[in-house]
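Chemist: Residue numbers (this note's numbering), protein chains in the order written: chain H, 31 to 396; chain F, -11 to 203.
If you're looking for bench data, these hints aren't it; they were derived computationally from the structure. Do not rely on the hints blindly, as some may be mistaken.
Unchecked claim - Keeping only pairs whose Cα atoms sit at most 25 Å apart, straight-line, the calculated BS3-like set for lysine-lysine is: (1) H/K131 to F/K127; (2) H/K136 to F/K7; (3) F/K127 to H/K294; (4) H/K285 to F/K46.
Each chain, written out:
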Amino acid sequence: MQEMTKLERVNAVMECREPDKVPVYPYILTHGVYAMGWKLPDITTETSMDAKKCAECTLKTLELYDYDMVIGSYQDLYFGVTELGGKIKIPTKFGSVVSMKEPPVKDANDWERVQKLLPYDPRKSGRATALLDSYKIVSQRVGKTTPVIPCWWPGPTAAMCMLRGPEMLSMDMAMDKSFAHELIKAGNEFAIDFLRAQYESGANSVCHTGEIYGVELLSPEQCHEFVVPYVKELSRTIYKEFGQKTWLHTHGDYKTEGGQAILKEYVEEANIAGFHPDEKHPPEWLKEHVKDKYKIPVAGIMHGPGPLLNGPLSTIEDVTRNIVTKAGQGGGLMMAPSCEVPPDTPVENFQKWVEWTHQYGTYPMK
Amino acid sequence: MTSKEETLATLKNRIIEGKADEAFEMTQLSLAENFNVSETLTSMTDAMQVVGDLYARKEYFLPNVLTSANAFERSFALIQPKLLESGSKREKSSKVVIGVCEGDIHDIGKKIVVAMLRGAGFEVHDLGRDVPNADFIDKVREIEADIVAQSALMSTSITEMRDFAQLAKEEGIRSKVKYIIGGGSATREFAATIGADGYGLTAQDAVIVSEGLVS
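Just chain H, with the same shape it has in the complex (with noise of 0.2 Å):
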């Protein structure tokens, strides 16, 4: 078959057809930071980042890599986050995240005021200035065969980090459910106005949602009634004013009765075009229930804090054959971590899972 560009490869997956090879999308948020051998405090504060090296970052890990889906810019879960009156930590320990220290709605009175900042937007101040600047420095490099993605959380999680926490929000799930609805709506509408302001910036393929709360933390009902409504919103907001589908990453074993439930609503009601699980789901169990059945496409997933991270070599080529082979046939199938890739990823072993994916996933299969 005859070579194609990052972008026609990640095309050919995204319609369920067979790429030239079995593409990567390694969903680096952080990694790329310690790639350069910077810490994060080189490249942000509590209230401002620098583009120029958000993008030097980021393609560095593409030359390094070869890899084939880029998010344009660093990016942590935490964005709007003093702009809204919370604060945040940039740890200055290797391999660490951005972490919330105190969220902005700690309380109703906050809420009143938190409320008066929103909508936030991106494009006018704070750190997420400089990430779109970022998008349009990767773009304007790469964008021309290589899939830029915009990537941001749906509802729940932007709720959760952006206003609220983990802990308060899950317990007005279960106690306060209009306020958390409020909350989650907040961050909805946030989180679709940042990837449009993404594809604004140079963004040009398959949008990028995480959902962390999934059927991991959340009943199926939970779910139903504070997840797959946001995703829809957003997923579809996404395909009309862009025309892209979207990628959705997700925790939690969709492979139970209520997880399958809720998997049929991310495809059926949601409109999900791609589904990203974490590593409870093996690639034949993915080729069955997800690839086969509702005809989109799959990651197949490489356990980021597992061989990823720790090796040895031998098992990382093992897991991506296996994975390769079992998921592969007939297309529609992208190698993916089990969620971000871990920041202090070593450099051979992410360059060998990257290079052994290319190399058993080359099509036609055997």
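With chain H fixed as given, assemble chain F onto it according to the hints.
Modeler: What follows is chain F alone, placed relative to chain H:
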């Protein structure tokens, strides 16, 4: 049922349901009525056992467990001075020092483990999150802990666990305290490589492993 039985049963049910205010009221009532504080505590810990079972059976999920744990913690804080004052000892009174490793602020799982361990009768000293290894060592020494438990979600934080195991040896306390680990980035294999005495995938595991280590 007598009024006392009704109050304690209501307390238990309100914790299971995660109704913190109502559980708190029942706890206040139990104190006002001079119930034996150990009996009040037993109702509360029985409630958390039920919550743990529901969680293990996937009938309860994070929002439910957190609200129950919150109700338990609020009521527990109310009776804690009375427990200390009365010198009340439960059958199981092994001491656990627990915290999330330095550099990691993800402590939802640890909070659930704390509630479950307290529910199982352990005396738990929660150091919180982003805790330096030296603080674990100091606390273990201070209270003469039976178990020290560390949690880490981030893959980078598990190196802190390796460092702790080494530091505990150097400080001469490793042979005096059982060491268990858990959290998203820890694995049974990793626990073995650093010489931990136990590993728990879930909050229920943490209780089972801890009970096994002190039995």
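Chemist: Each of the hints needs a verdict: does it hold here or not?
Modeler: Cross-check of the supplied hints:
{"no.": "1", "hint": "H/K131 to F/K127", "in the structure": "24 Å, holds"}
{"no.": "2", "hint": "H/K136 to F/K7", "in the structure": "19 Å, holds"}
{"no.": "3", "hint": "F/K127 to H/K294", "in the structure": "49 Å, violated"}
{"no.": "4", "hint": "H/K285 to F/K46", "in the structure": "14 Å, holds"}
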